[in-house]
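*Asks:* Chain H: place on chain C using the hints.
There are 2 protein chains.
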Amino acid sequence: MPSQRGNGAVALLKALHAGGARICFANPGTTELTLVDALAEVPEIRSILSLFEGVCTGAADGYFRVSGEVPLTLLHLGPGFANGIANLHNARRAHSGIINIIGDHAQWHLPYDAPLTSDIRSLASPVSRAVVTMTDINAIDADAAHALEAARGVPGGPATLIVPTDIMDTHVAPAAAVPAQPAQRRKVSAERIAQAAERAGQAPDLILLLGGDALSPEAQRAAAAIVGKLGGRVLMEPYPAIVTLGGDLPPIERQAYFPDDVIRQMGEALVVVAGTRAPISYFGYEGYPSQLVPDERLLILSELDEDGVGALQALAETLAAAAVTPATHASPAPASTPDAALTPNLIVESLIERLPEDAIISLEGSTLGGPWLREARRAKRHRVMTNTGGAIGQGLPCAAGAALAAPGSRVVSLQSDGSGHYTLQALWTMAREKLPVTIILAANHRYGILQTELNRVEAPLEDPVIASLTRLDNPRADWTALAAGYGVEAVRVTDVAGLNAALERGLSLDGPLLIQAELP
Amino acid sequence: MPSQRGNGAVALLKALHAGGARICFANPGTTELTLVDALAEVPEIRSILSLFEGVCTGAADGYFRVSGEVPLTLLHLGPGFANGIANLHNARRAHSGIINIIGDHAQWHLPYDAPLTSDIRSLASPVSRAVVTMTDINAIDADAAHALEAARGVPGGPATLIVPTDIMDTHVAPAAAVPAQPAQRRKVSAERIAQAAERAGQAPDLILLLGGDALSPEAQRAAAAIVGKLGGRVLMEPYPAIVTLGGDLPPIERQAYFPDDVIRQMGEALVVVAGTRAPISYFGYEGYPSQLVPDERLLILSELDEDGVGALQALAETLAAAAVTPATHASPAPASTPDAALTPNLIVESLIERLPEDAIISLEGSTLGGPWLREARRAKRHRVMTNTGGAIGQGLPCAAGAALAAPGSRVVSLQSDGSGHYTLQALWTMAREKLPVTIILAANHRYGILQTELNRVEAPLEDPVIASLTRLDNPRADWTALAAGYGVEAVRVTDVAGLNAALERGLSLDGPLLIQAELP
Numbered sequence: 001m002p003s004q005r006g007n008g009a010v011a012l013l014k015a016l017h018a019g020g021a022r023i024c025f026a027n028p029g030t031t032e033l034t035l036v037d038a039l040a041e042v043p044e045i046r047s048i049l050s051l052f053e054g055v056c057t058g059a060a061d062g063y064f065r066v067s068g069e070v071p072l073t074l075l076h077l078g079p080g081f082a083n084g085i086a087n088l089h090n091a092r093r094a095h096s097g098i099i100n101i102i103g104d105h106a107q108w109h110l111p112y113d114a115p116l117t118s119d120i121r122s123l124a125s126p127v128s129r130a131v132v133t134m135t136d137i138n139a140i141d142a143d144a145a146h147a148l149e150a151a152r153g154v155p156g157g158p159a160t161l162i163v164p165t166d167i168m169d170t171h172v173a174p175a176a177a178v179p180a181q182p183a184q185r186r187k188v189s190a191e192r193i194a195q196a197a198e199r200a201g202q203a204p205d206l207i208l209l210l211g212g213d214a215l216s217p218e219a220q221r222a223a224a225a226i227v228g229k230l231g232g233r234v235l236m237e238p239y240p241a242i243v244t245l246g247g248d249l250p251p252i253e254r255q256a257y258f259p260d261d262v263i264r265q266m267g268e269a270l271v272v273v274a275g276t277r278a279p280i281s282y283f284g285y286e287g288y289p290s291q292l293v294p295d296e297r298l299l300i301l302s303e304l305d306e307d308g309v310g311a312l313q314a315l316a317e318t319l320a321a322a323a324v325t326p327a328t329h330a331s332p333a334p335a336s337t338p339d340a341a342l343t344p345n346l347i348v349e350s351l352i353e354r355l356p357e358d359a360i361i362s363l364e365g366s367t368l369g370g371p372w373l374r375e376a377r378r379a380k381r382h383r384v385m386t387n388t389g390g391a392i393g394q395g396l397p398c399a400a401g402a403a404l405a406a407p408g409s410r411v412v413s414l415q416s417d418g419s420g421h422y423t424l425q426a427l428w429t430m431a432r433e434k435l436p437v438t439i440i441l442a443a444n445h446r447y448g449i450l451q452t453e454l455n456r457v458e459a460p461l462e463d464p465v466i467a468s469l470t471r472l473d474n475p476r477a478d479w480t481a482l483a484a485g486y487g488v489e490a491v492r493v494t495d496v497a498g499l500n501a502a503l504e505r506g507l508s509l510d511g512p513l514l515i516q517a518e519l520p
Numbered sequence: 001m002p003s004q005r006g007n008g009a010v011a012l013l014k015a016l017h018a019g020g021a022r023i024c025f026a027n028p029g030t031t032e033l034t035l036v037d038a039l040a041e042v043p044e045i046r047s048i049l050s051l052f053e054g055v056c057t058g059a060a061d062g063y064f065r066v067s068g069e070v071p072l073t074l075l076h077l078g079p080g081f082a083n084g085i086a087n088l089h090n091a092r093r094a095h096s097g098i099i100n101i102i103g104d105h106a107q108w109h110l111p112y113d114a115p116l117t118s119d120i121r122s123l124a125s126p127v128s129r130a131v132v133t134m135t136d137i138n139a140i141d142a143d144a145a146h147a148l149e150a151a152r153g154v155p156g157g158p159a160t161l162i163v164p165t166d167i168m169d170t171h172v173a174p175a176a177a178v179p180a181q182p183a184q185r186r187k188v189s190a191e192r193i194a195q196a197a198e199r200a201g202q203a204p205d206l207i208l209l210l211g212g213d214a215l216s217p218e219a220q221r222a223a224a225a226i227v228g229k230l231g232g233r234v235l236m237e238p239y240p241a242i243v244t245l246g247g248d249l250p251p252i253e254r255q256a257y258f259p260d261d262v263i264r265q266m267g268e269a270l271v272v273v274a275g276t277r278a279p280i281s282y283f284g285y286e287g288y289p290s291q292l293v294p295d296e297r298l299l300i301l302s303e304l305d306e307d308g309v310g311a312l313q314a315l316a317e318t319l320a321a322a323a324v325t326p327a328t329h330a331s332p333a334p335a336s337t338p339d340a341a342l343t344p345n346l347i348v349e350s351l352i353e354r355l356p357e358d359a360i361i362s363l364e365g366s367t368l369g370g371p372w373l374r375e376a377r378r379a380k381r382h383r384v385m386t387n388t389g390g391a392i393g394q395g396l397p398c399a400a401g402a403a404l405a406a407p408g409s410r411v412v413s414l415q416s417d418g419s420g421h422y423t424l425q426a427l428w429t430m431a432r433e434k435l436p437v438t439i440i441l442a443a444n445h446r447y448g449i450l451q452t453e454l455n456r457v458e459a460p461l462e463d464p465v466i467a468s469l470t471r472l473d474n475p476r477a478d479w480t481a482l483a484a485g486y487g488v489e490a491v492r493v494t495d496v497a498g499l500n501a502a503l504e505r506g507l508s509l510d511g512p513l514l515i516q517a518e519l520p
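As they're listed, the protein sequences go chains C and H.
Residue 50 in the working numbering is what sits at position 50 of the first sequence, and the numbering runs on without skipping anything.
Residue 513 in the working numbering is what sits at position 513 of the second sequence, and the numbering runs on without skipping anything.
With the rest of the complex left out, here is chain C (with noise of 0.2 Å):
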């Protein structure tokens, strides 16, 4: 047998290291052994090993949303791609910049249909920037700075590139690689800061609703400091990719999720939109319109590839808005004895409390999600992903590249059970890797949402066939016994007391654990 291995696969990493790539998330197949033969080459590019590819996509994009630096996946052909394609479409939302490698057949090689053989580009084009064939051993470095610039753009997002074997395999010579520079944002003007200033000051109601790069610390501030001069509200998007919130920081309020209560929060405002899109209904419902608030209530501040940072602090500037001191919030006794029966509420009262500095949550599933972020601002300074695309399985994953993205720093996923299984398979990442994860598994057994959803419309929940499409609890997932099976620690609650000791353990292990909250 010749030996197959050249060193394209090396100059490809060496490329992609050399504009800002360090880790890998992978789960290589026969395909990307030259590639997985080169990250023993390149090791100042850390390989990250897990059992399922949404694992690798969805802690990409952790790792991204936290440490801003691009991270690479390997994944096999286009079946092994698609099984990451779900959360890369919540990277795709979250404008995470990932580049995604994928081993594809050698060229000659592709006609002959193999089994493993499928149309990639089709597969990656929806949720790509960039999808780059490479074909020319000579241009590894270019197809590497391209991929690179779609991955860091304004707005940017996950890349492709399709890797066949033959193009990793040939010996070339490295080229001086030309690191590309992250693109910069568009400096929004000073006639339209004026405008938005004159417009703003008119409005007999107003809301300033931020989103990406304008849910910065600095954009929160800003924001709250106009409000402070002309009244109204700071609203944030439904599903940031990622927001610091809580300590020093001023009052945030979530934009609603059903149509009804959109329109309501919105009132008669004017609704200045910096970072973001206009709110839109997340799904449409007849009767209810699209764009929840019409086009002459709505002020654009900033697009998405704008600085929406500047616009909001040239904004307050151009009001004579001064910062605001938000008052410190007098935490409520908590209205629970210890022996009290879990919910939601309790749930994040116990966290709150318990919150170290800087910590980073995961936020996936409405149950603890929408408590946390009605309440969060109690809880110590601290970021919060949120599930941007509404792809399910994002959760786990991202608490985990969130840890690798910040060694040091606390992670606290919070997880409803339905949308954990899909890639529970992070666990094993998380126990491997020794990731300082808490876990706290919020087991309802059953598609809440869906429920909701069918509640609001009366249909009858009761209905065998019905109830058998949105309740888990036949069986019971016994997710301490899921986490042992991957090595993970973990522990079964049912009330506040024993909430509160897991998560004081959870909290002070080095590696994860899993506290499965029993709740009705």
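Hints listed in this document are in silico derivations from the structure and should not be mistaken for laboratory results.
From a predicted model like this one, the values you see are computed outputs, not experimental measurements.
Any given hint could be a false lead.
Pair by pair, the computed Cβ-Cβ distance ranges are [stated by the list, open to error]:
id, chain 1, residue 1, chain 2, residue 2, range
1, C, N455, H, S508, 43 to 49 Å
2, C, T452, H, Q291, 54 to 60 Å
3, H, A183, C, S125, 36 to 42 Å
4, C, A341, H, R381, 39 to 45 Å
5, H, Q181, C, D473, 38 to 44 Å
6, H, Y257, C, N455, 51 to 57 Å
7, C, P43, H, A183, 51 to 57 Å
8, C, S125, H, R381, 56 to 62 Å
9, H, R264, C, S125, 48 to 54 Å
10, C, P475, H, Y257, 57 to 63 Å
11, H, A194, C, H171, 50 to 56 Å
12, H, T135, C, A142, 50 to 56 Å
13, C, P338, H, D358, 53 to 59 Å
For each residue, glycine too, the CB sits at the ideal point set by N, CA and C.
*Replies:* Frame of chain C; chain H shown alone:
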């Protein structure tokens, strides 16, 4: 909130039921709730919930392979569908007729690019023989017929219906559904049979390579008669969708995997191909051709859309080849003691001794797959499903689908641990539906195939990076805990006596049992 529910969804399900659909493997979300309601109204289609979409699609594939009846899947927009793509890739290679129903946003909501919006057609096309976007409430029956026709074509495969909620919610008068007729295979002409007989008769060495429909027991018997007359060997394609083996069937050899092995195996024989394709290298290896038998030594007796069984029978008749009674196979005395540590061969021996008549085996992974297909002829008559497309995570879901397709039959899942992790959520479905699936989980805690490939090129398996990307021993998954977490009884065995006892218990249970068989 106005009611969203209409009966477009009911009309669709009734049309698909009229066309033969009897089961729906579902993982619905908000955009599919009208279809959930409709499933309650059309209970003649059985709903099976799974925790992950790859379980739905893999189970649908297994269901079709065993029953030949078209199952439905119900999946949630692009990201939910994406999680099902890997197993649909295998289903496409298996020519399994499956109809995927994917909910999408209402057509009027699509332009707003809500979070879950994506290009579903681009995602679905690579694994679908037809992708139909339903846009006309008066075309529901026609769209259903289109999908059924594609799914049940010759060769058939997955077909995908993209179903906007506004179409499902519309009140329509159900039309008289016209069930589509399954397509018929074309007959191979008498002239081609005569030419084949002549050429085969003159060949110094002969191989009959069977696959697809030409792997049926009748086809295998006709092939045995032909080589009984002319000399030569009967081979099966390396990854059959489903093949009947054992009992009184004649011996059949499996096409090898690596190109050098296939080239040796084929020697200088004339290779007569029925129901499958000419031997192609699974991957492209430098120095080896993609097509492993040159055109001049190939004779295509029947194409994929032709009647391979009839062609083999006609060829046997033309050659006046008499039916062959295969020698009964005296089982070799097991070369082990009860306390012998397990090996793949010992596991296979234990199962050969115990497998009940008419069992169905779902094979995934070469650890047990290779030895089983070498020895299967010594077992009682049974059917084997293999991984047709190389997308891993097929074995457990496919076993679940097979059990649902053949009530009363024993299903055995011979599953490698590496690939088992991708869709372990299938265990929950097995527990929930009390499926008589006995799983032998070959736990070697590594990606054996990758180590084999790396060994072929003398890569350093002990290099820390290469080891970290090919070994699964840190931590070792505890499959008994994973199974318990999903409600499946499980036992870990390390020696022959332990395996024998576990297997006897598993094969006597009404529900699933997972046997974690530890291997070196």
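*Asks:* List, from low to high, the hint numbers that the structure doesn't satisfy.
*Replies:* Numbers 3, 4, 8, 9, 10 and 12, in rising order.
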